[in-house]
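Chain residues, written in single-letter form:
2 protein chains.
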Amino acid sequence: MKGFEEAKLTLINNVTSTFNLIWAVMRHAPNAHIIKLGTLGEYGTPNIDIEEGWIDIEHKGRKDRFLYPRQGSSLYHTTKIHDTDLLWFYVRTYGLTVTDLMQGPVYGVFTSETQEHPELLPWFDYDDIYGTVVNRFVVQAVAGIPLTVYGKGGQTRGFLNIRDTLQSIILVAENRPKPGQMRILNQFTEQFNIVEIAEMVKEAGTSLGIEVKVAHLENPRIELEEHYYKAADDGLTELGLKPTILTEHVLHEMLAYAQKHQHLIDKTLIMPRVRWSHALQHV
Amino acid sequence: MKGFEEAKLTLINNVTSTFNLIWAVMRHAPNAHIIKLGTLGEYGTPNIDIEEGWIDIEHKGRKDRFLYPRQGSSLYHTTKIHDTDLLWFYVRTYGLTVTDLMQGPVYGVFTSETQEHPELLPWFDYDDIYGTVVNRFVVQAVAGIPLTVYGKGGQTRGFLNIRDTLQSIILVAENRPKPGQMRILNQFTEQFNIVEIAEMVKEAGTSLGIEVKVAHLENPRIELEEHYYKAADDGLTELGLKPTILTEHVLHEMLAYAQKHQHLIDKTLIMPRVRWSHALQHV
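These protein sequence lines are chains W and H, in that order. Take 85 as the starting number for the first sequence in the working numbering and just add one per residue. Take 85 as the starting number for the second sequence in the working numbering and just add one per residue.
Chain W on its own, in the form it takes in the complex (with noise of 0.2 Å):
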């Protein structure tokens, strides 16, 4: 953990965010669609096949159908379960409508909209604590950084490019789900683990002229590095979701947009500065 102000704020800040929206919808438009984005990361990684939002339970003999049950590793997660649980109790008793978006990890910088004009680029984090892996591991191959694969690197999870996060958006946006519903989907395209990640940056660097190293180290999280993953998404291709692939193309592009702003990378950024499994580092 950062230490305790980091974590009241994360704790905090999104439980009275989520209800304060919450409130806001009941009083002044009750028939809103509420679109959320949450993320993949509510769920884990549970040793069974993970369900959009909802699992149908056999128990005994008899049935019911619960919220799929969640475990984020970190408290940030936790607090997204926070989210959801609160969305949940405010759709099924007052009657609100909700579509949870539960989002894996987004790569990549361009849409059609930055095409228009490069002021619409959206924010690239390429950090420890905000970066996620596929835009690190561009960035620390054009910077001649090893690629940060943390321990084994068998942490599996399913990713999405930014395109199809704006895609998925205007689908969810342009389908209402029926009133008082809360509808939850899953929103990625494709699974990976981080060690097929590295490999994919490391051949599209090469076939660039760009020498790529990885490197596997010591693990600042507590999380599995091996696991079974197998998440459904089904609901975002029956919207009509067009996946944009990971293909050595799109990796080119980014890889040739961090060699653009080269010198803008800070590599002070790059390296883990917290150890997520120590609690108290800060105290």
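Hints were generated in silico from the structure; no laboratory data involved. A few of these clues could be false.
Copies of the same chain look alike in the list, so a pair counts if it fits in one copy or across any two.
In the PhoX-like style, the derived pairs of lysine-lysine whose C-alpha atoms are separated by at most 25 Å in a straight line are [said to hold, decoys possible]:
id: 1; residue 1: K314; residue 2: K147
id: 2; residue 1: K120; residue 2: K92
id: 3; residue 1: K344; residue 2: K297
id: 4; residue 1: K344; residue 2: K286
Using the hints, position chain H against chain W.
Relative to chain W, chain H alone:
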């Protein structure tokens, strides 16, 4: 709901105080055994048997163990779910040691301590917000108010005498879980529905010469009035809990206590003042 400010206070108070406690223990007493009074209300009224905190799920040929799914019937219960998720995150990640007691509605006023001195008597709520149903019915019987059954009165819960609340906490404190374990125990001794409780109070009152009527009011809450309910309670029995049963003698003791203090009963606190089924009554 009462209103935005009351709801926000409920949310922030509960999650912040659990969070602060967790960090205080991590900093100053990481091996302490945290005993938390949770509530059976976290589970809601599922259509499958309620286990003690955990459930083994078999799904598409694979298995894993999860927190038993929780969906409480009020914001208060939802914040208790938040507490459970927070504790479970810090237990599995940083090795805290916790017993979470999922307590049902408590009734009664006397314990072995209170018989030593009347100043040791606990608070006795009989109002519409904080009062639990057995205590409320006893006061209503003495005050000559028909017992306030909400709707059909088939709402079933697990109940316990205040003597068994204390007995349970003592047993749990004397029997620590393993270090780094999150032990969850359901804390109740008997299941009743509301009509059964009303009938028991009526019979006990009648045998003392009190005329008791039963009324079915429009339900101010959103809850199932007829449902399956079967909760496990083996854990505390195994630790040695000797249940105090809700006998006519126990009800006579409570009725006599209410009669003794009859002049203190505020009849304006009996009927439901908050329509929980209306989200925005005070907005």
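Against the structure, the hints:
1. K314 with K147: both (23 Å within a copy, 13 Å between copies)
2. K120 with K92: both (22 Å within a copy, 20 Å between copies)
3. K344 with K297: Result: close within a single copy only, 21 Å intra versus 83 Å inter.
4. K344 with K286: within (18 Å within a copy, 83 Å between copies)
Consistency note: the structure conflicts with none of the earlier hints.
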